[in-house]
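Q: The residues making up each chain are set out below.
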Amino acid sequence: MTELRSRLDPQRQTDVRRMLVAQASRGAAPIRNRRIAIAGGLTVLTAAVGFIALAVDPEPPQQNYAAWTPVPQAAPPLTASDEDIEGWASKCSDLGVGGVGVGGVPARREAADRREVLVDRRGGFTFCVDVSMGSGTSRDPLIALSGLKADGRNGLNLMAATVSDKPFTKPQDSAVLVLGGVLQQPPEGGIQAFQMFGLSGAAVTGVDVVLANGLRVSATLRNGIWGVWWPSDRGEFAGSKLHVRTAAGVTLVDPSTVRLPIQ
Amino acid sequence: MIRADDGELWQRARQGEAECFGVLFDRHGGAVRAFCARRTGSIDAADDLVSIVFLEAWRRRGEVELVDGNALPWLYGIARRTIQHRWRTAVRHRRALERLAPASATPDHAEEVAGRLDDERHLARLRAALERLRPPDRDVLLLCVWQGLTYAEAAVALGVPVGTVRSRLSRARSRLDAETSLFGIVDPAACPVATPTQRQEMS
Chain A
1 MTELRSRLDP
11 QRQTDVRRML
21 VAQASRGAAP
31 IRNRRIAIAG
41 GLTVLTAAVG
51 FIALAVDPEP
61 PQQNYAAWTP
71 VPQAAPPLTA
81 SDEDIEGWAS
91 KCSDLGVGGV
101 GVGGVPARRE
111 AADRREVLVD
121 RRGGFTFCVD
131 VSMGSGTSRD
141 PLIALSGLKA
151 DGRNGLNLMA
161 ATVSDKPFTK
171 PQDSAVLVLG
181 GVLQQPPEGG
191 IQAFQMFGLS
201 GAAVTGVDVV
211 LANGLRVSAT
221 LRNGIWGVWW
231 PSDRGEFAGS
241 KLHVRTAAGV
251 TLVDPSTVRL
261 PIQ
Chain B
1001 MIRADDGELW
1011 QRARQGEAEC
1021 FGVLFDRHGG
1031 AVRAFCARRT
1041 GSIDAADDLV
1051 SIVFLEAWRR
1061 RGEVELVDGN
1071 ALPWLYGIAR
1081 RTIQHRWRTA
1091 VRHRRALERL
1101 APASATPDHA
1111 EEVAGRLDDE
1121 RHLARLRAAL
1131 ERLRPPDRDV
1141 LLLCVWQGLT
1151 YAEAAVALGV
1161 PVGTVRSRLS
1171 RARSRLDAET
1181 SLFGIVDPAA
1191 CPVATPTQRQ
1201 EMS
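As they're listed, the protein sequences go chains A and B. Under my numbering, the first residue of the first sequence is numbered 1, with each subsequent residue one higher. Under my numbering, the first residue of the second sequence is numbered 1001, with each subsequent residue one higher.
Calculated from the structure, these hints are not laboratory results. The beta-carbon is built from N, C-alpha and C at its ideal position, and this holds for glycine as well.
Example chain A residues on the side facing chain B (calculated, C-beta under 8 Å, incomplete):
hint: 1; residue: R12
hint: 2; residue: D15
hint: 3; residue: V16
hint: 4; residue: R17
hint: 5; residue: V21
hint: 6; residue: Q23
hint: 7; residue: A24
hint: 8; residue: S25
Restraint ranges, calculated between C-beta atoms of paired labels, are given here:
hint: 9; chain 1: A; residue 1: G201; chain 2: B; residue 2: R1094; range: 40 to 46 Å
hint: 10; chain 1: B; residue 1: A1004; chain 2: A; residue 2: T137; range: 36 to 42 Å
hint: 11; chain 1: B; residue 1: D1044; chain 2: A; residue 2: D173; range: 57 to 63 Å
hint: 12; chain 1: A; residue 1: R5; chain 2: B; residue 2: L1097; range: 25 to 31 Å
hint: 13; chain 1: B; residue 1: G1062; chain 2: A; residue 2: T205; range: 38 to 44 Å
Taking the hints into account, I'd like the entire structure generated from these sequences.
A: Written as structure tokens, this is what we have:
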């Protein structure tokens, strides 16, 4: 069942084979483990802690954000059909960031044990945040990835990654920590998605971003991870505040003061 | 060396016998190319992708996952991810790919040209049918039906549980019933449960 009528051009076959054998003969270098490979793949991260945001879709970026909503859709309940639940998960599993898939269901058990995946849906867009909660060392870094995808498109239109090999303190109680995102102003005339994601303490019941123009955007929050995004034409990141909700009330936080520090 | 199973070849390649990696390419290059052609709908793209897939496989050699000594499911998994992110992956392997001479625009004899035209027509029909499916269902159908993987092998290729493969295939089959009968495409119910005893080898 694998046959096509045509074959790879024999000369091409020979050339490819020779190139592969040459590549393998240079392969004496030690194989990096998966987690180190992620960090190594982000070659710009020469600092101990780094943030990177990349447009990774070779197609023109999605610019029609009309369907976006400031409040995320509710996740399907466990009683939803398999197709509904799988639809959410597959959007995330299609996202590949920094050399590792942002999987709703990580393929390997040991990876699954370490990863938390957050899925945020707004009007046909899926925003995924994948946090591998390393201990903050060079061998076991914290890796946080995010990606945004529109329905009907195969590629991401923007992703962000944070890798940290320095110890950090997980937020406690009502505290939050901003791990990263896409917070730069887009080029003049363009529209892009601002993204922000992070961790929250156990007492936090909700996180909103209130933009300088007053627009309130609710983050999706689950298992101590929160994520939020908005199109840049709805408001700038500059001047925005985090409204952190707990049972005791709401606390206003300047996101720049709770960002994972770059050392 | 030709008779060694994939696991032995991988092990020997990793231990420095680079020729073993060449044998794996001989063994599975055609199937990977066919998968890439069906997934992208383009023979030309597949011709380029097959080298990228094997380079990526070598880069990920520490993660190799074999099913019954067969590397093909794992290679399909690499191919699937490579196709999704082909530009990024190609950039990663740019230096190696620069060693390749540009592919000739057309093969130089009539039979091969006719074969490529037939393949292009076949792929165009297939693509039209597959576009009706969700990407996860499409991958399962390609792997199980056209590439001949078992459920377990497809699960490795896709990184999902076997049950998910079954449910996706079932859904794909029900949605493609009309098209398959129209095109005379292999019955999607034919996904083998056991490891196929025969696999085509190019060498």
